[in-house]
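> One letter stands for each residue in the lines below.
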Amino acid sequence: MRSVSIIGVGTTDFGVLPDMGLKSLASLACNRAIVDSGMDRKEIEAFFLGNYIGGILEGQETLAPVTACELGLSKTVGCAKVEGACCSAGIALRMGYLLIASGVHDFVLVGGVERMSGASTAKNTEALAAGMDKDMEGYTGLTFPGYFGLVANRYMHEYGGTVEQMGMVAVKNRSNAVKNPRARFRKETTLEEVLNSRLITDPLKLFDCCPIADGGAAAVLCPTEIAHNFTDKPIEIMGSGHGLGHNTSYAMDGPSCTCTVYAAKEAFDRARIEPSDVDVAEIHDCFTIAEIVDSEDIGFFARGKGGPAVEEGLTQVDGRIPINTSGGLLSKGHPVGATGLGQVYELVRQLRGEHENQVKDAEIGLAMNLGASGLVSTVTILRRD
Amino acid sequence: MQEITVDKCARCGKLFISPAVVCSACGSEEMEAETIPGRGKIYTYTTIRVAPEAFQDQVPYPMAVLELPHDLRLTARMILKEDERMEIERAAECVRKDDAGYWFQLV
Numbered sequence: 001m002r003s004v005s006i007i008g009v010g011t012t013d014f015g016v017l018p019d020m021g022l023k024s025l026a027s028l029a030c031n032r033a034i035v036d037s038g039m040d041r042k043e044i045e046a047f048f049l050g051n052y053i054g055g056i057l058e059g060q061e062t063l064a065p066v067t068a069c070e071l072g073l074s075k076t077v078g079c080a081k082v083e084g085a086c087c088s089a090g091i092a093l094r095m096g097y098l099l100i101a102s103g104v105h106d107f108v109l110v111g112g113v114e115r116m117s118g119a120s121t122a123k124n125t126e127a128l129a130a131g132m133d134k135d136m137e138g139y140t141g142l143t144f145p146g147y148f149g150l151v152a153n154r155y156m157h158e159y160g161g162t163v164e165q166m167g168m169v170a171v172k173n174r175s176n177a178v179k180n181p182r183a184r185f186r187k188e189t190t191l192e193e194v195l196n197s198r199l200i201t202d203p204l205k206l207f208d209c210c211p212i213a214d215g216g217a218a219a220v221l222c223p224t225e226i227a228h229n230f231t232d233k234p235i236e237i238m239g240s241g242h243g244l245g246h247n248t249s250y251a252m253d254g255p256s257c258t259c260t261v262y263a264a265k266e267a268f269d270r271a272r273i274e275p276s277d278v279d280v281a282e283i284h285d286c287f288t289i290a291e292i293v294d295s296e297d298i299g300f301f302a303r304g305k306g307g308p309a310v311e312e313g314l315t316q317v318d319g320r321i322p323i324n325t326s327g328g329l330l331s332k333g334h335p336v337g338a339t340g341l342g343q344v345y346e347l348v349r350q351l352r353g354e355h356e357n358q359v360k361d362a363e364i365g366l367a368m369n370l371g372a373s374g375l376v377s378t379v380t381i382l383r384r385d
Numbered sequence: 001m002q003e004i005t006v007d008k009c010a011r012c013g014k015l016f017i018s019p020a021v022v023c024s025a026c027g028s029e030e031m032e033a034e035t036i037p038g039r040g041k042i043y044t045y046t047t048i049r050v051a052p053e054a055f056q057d058q059v060p061y062p063m064a065v066l067e068l069p070h071d072l073r074l075t076a077r078m079i080l081k082e083d084e085r086m087e088i089e090r091a092a093e094c095v096r097k098d099d100a101g102y103w104f105q106l107v
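First to last, the sequence lines map onto chains Y and B. To convert, note that position 154 of the first sequence is 154 in our numbering; the numbers rise steadily by one, no gaps. To convert, note that position 82 of the second sequence is 82 in our numbering; the numbers rise steadily by one, no gaps.
Hints were generated in silico from the structure; no laboratory data involved. Among the hints, a few may not be true.
Below, in silico cross-link-like pairs of lysine-lysine (DSSO-like), each with a Cα-Cα straight-line distance of 27 Å or less [said to hold, decoys possible]:
hint, chain 1, residue 1, chain 2, residue 2
1, B, K97, Y, K123
2, Y, K42, Y, K75
3, Y, K134, B, K97
4, Y, K134, B, K8
5, B, K8, B, K81
6, B, K81, B, K41
7, Y, K360, Y, K179
8, Y, K23, B, K14
9, Y, K23, Y, K42
10, B, K41, Y, K134
Predicted, not measured: the structure shown is a model, and the values here were computed from it.
Bound conformation, chain B alone (with noise of 0.2 Å):
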């Protein structure tokens, strides 16, 4: 399992996705890099089939909102085998992470 970088407010323990330099709820500018399980499920869906020219090659692609640990969401590519569809409410797991953010495949 690929875990997930999140930004802690040093000062109220907000958590958000990275990057975050400043903390909407209380002010503070400093944060702490920590990790969280890159485990949730499906909030909602969606497989891209037109792209903007640098994802050209990829169509179609699998995306989805996955709900995570600590009230935080993502979105993040997926990964499918041939014969599965994504779901809302379905668990996902956080395999891998590059230039186009993490990627997530059903568990």
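Next comes chain Y alone, as it looks inside the complex (with noise of 0.2 Å):
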């Protein structure tokens, strides 16, 4: 198997951009990291376009193509739109990075993007919930925000976590985004802010709920070997994972997403590092809840200890682990097929040594991209080459 390095990554602004339509938003994004790597746009031999609800809000399907033509690249790429639910762009890298690693292809582009602020709060919520398993329980009403509003209560009955730590989560990431020009929330929030806003699913308030966004991120990948010929600051994709979860919300195990589980695990043997050698990591906080639970199930905390960190300062800028510098989805707001690589694309500057939160000699990071209930998982650990 072949090295995979990142030699060029682009993303726009995440927010409400209502003069952007889903393929510009894609275009530009893309655009913009093909110029960033320098490269020779013809010679992009494959696309995968992470893209979830496209369909369903925007009426636009093969995306993939369609991008492809705007963008001007050759006649021969083999483009595919992938779709993986919120882990759409994650699996969009996972499949550019197996193409390279297996020596099919050199020079992979992959992308996310997604179009949400055109629609109600009750049809996002709607399209969302297509994720859902139809047979087994997307008529019952329940919703993403809802599946987590499960785990947050079953976390707290098994380890005696509380709302404080998950508003804690809040407080941190929106603090974090204060600096970061591509976030949606710029504004800091204080705790008692977020334990007094409105219910959405018990225990889950408003500010422990990320915000719909629209937005588009991108990354150039090419063989290690060759990739010093493009960039003096290539970033090395050090091992990659992809896990499969549950279907429906009860056959959850425990207050987890084992999919993620699955997906460190293969993401940490074949980068041969361990949890405590990752220096920042950017991971799924769709809900406060998701982030504490991400980060036992990555393995940064013991189960149990992700809420008790957040509270002891673990997670923070200068912690033992700093998660989410970039506010995370819960300030950047989660275009939803866009967000994995717009994880990738905060972390490849922390690894540049050129984000706005910078994290001292930050060396290897880590993405953790979530799909649907608990469904699908990707992890990847990046490294400064």
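Please assemble the complex out of the two chains, which come individually in their own frames, going by the hints.
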């Protein structure tokens, strides 16, 4: 297997971008990644584009070849849309990584995009719920936020976690986003404001939930052995993992998303490192409880210790394992099909030493992207080369 | 009490909440319809206050994951009296089934 590196990244702002269509967001993010890489776009051999609900909300499918035409890619490029709910972009990255690692291709463009602000909250909630198993529980009225409400109550029951610990995740991530020009929400909040916000799905309140957003993000990949021909700061993909979880909420194995446990194990095995070796992480905080559970599923903390870790400040920018220095989904917003590569964009900035919330001497970064109610997950471990 | 419909693998006997067309344990495609008692206890719960379009007229609505006999679980709607609150481990019983699936109440 060949080692794979990232030679270029690009993103749009995440937020409410009413003047920008779905294809335009994808094209901008991808173009910026290609320009950042310095490579000739005609040499890109494959293009994977993550997108989740563009068909439902925007009526646009077949988005990868449509975008490839606007980008002016070669007519021999193989392209496909990749869908795995909120994990779509993480999977697009994984597909590109596999093709280069296996020796099939040398240059692959991977992207992710979503446009959500044109639809109401109810319509977005309905579209997002399409990621649940329609035969088994899609018809019950359960929602993605509802699933994490189920997880949160079970977490508190099993480990004595508190709503205050969850609230502190929101306070931390909002604070991190103040300096991030790509984030939707850039105002600090307080624990009191989080705890007094209105209930969405008990015990989760408005500030426990990430906002929707429009946005795109992308990366260009090539074999590590030639990455230095394109950039002084290539970022190696040390490890990649892709795990399967459960298709119904009732199959949950305690307050955990087991798909992340499997994805993390594969990624750490391939990278031959331990969770304690990671310097900075962007993990899937679609809800405050999700960040806590993710941090345990990845292995940063023992079961039940993710909540106390937030309380002790271990996940702050200057903590033992800084988590979501970008502000995370909770502040950047969650353009569902783009999020996984938005995380990678933030980490590449960290590992290049260029981030607004720079972690000192950050060498190894981890991105973790989750799809649906614990159904699919990717973990990607990056290293400054 | 409303019973719960399950599919039982004709070859190995494994039970699944319906509908199942393949047995994930032995690969058989032969399923037999059965029922189990609609009695269980709450594994976890929430109350949905922001709903998909089709459910908007029903908010807020309580839901729970129920632990049923034979190590099966189910996500279902809950019917609560005004002073009732859901709690993990609390016993519940199924009272009806409709387009939104099974409905349980506390016992």
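> All hints are to be evaluated individually against the structure, with a verdict given for each.
The hints, checked one at a time:
This hinted pair checks out: K97(B) and K123(Y) have alpha carbons roughly 26 Å apart, not beyond 27 Å. Proposed proximity of K42(Y) and K75(Y) is supported: the alpha carbons are some 9 Å apart, at most 27 Å. For the hint pairing K134(Y) with K97(B), the CA-to-CA distance comes to about 17 Å; that is within 27 Å, so the pair holds. As the CA atoms of K134(Y) and K8(B) are separated by approximately 21 Å, the hinted pair is consistent with the 27 Å bound.
Restraint check for K8(B) and K81(B): not satisfied, since their Cα atoms lie roughly 35 Å apart, outside the 27 Å limit. Of the supplied pair hints, the one linking K81(B) and K41(B) holds, its CA atoms being roughly 17 Å apart against a limit of 27 Å. Simply put, K360(Y) and K179(Y) have alpha-carbon atoms about 16 Å apart, close enough for the 27 Å limit, and the pair holds. Between the alpha carbons of K23(Y) and K14(B) the distance comes to roughly 47 Å, so the proposed pair goes past 27 Å and is violated.
Restraint check for K23(Y) and K42(Y): satisfied, since their Cα atoms lie roughly 19 Å apart, inside the 27 Å limit. Restraint check for K41(B) and K134(Y): satisfied, since their Cα atoms lie roughly 24 Å apart, inside the 27 Å limit.
Going through the hint list in order, the structure does not satisfy hints 5 and 8.
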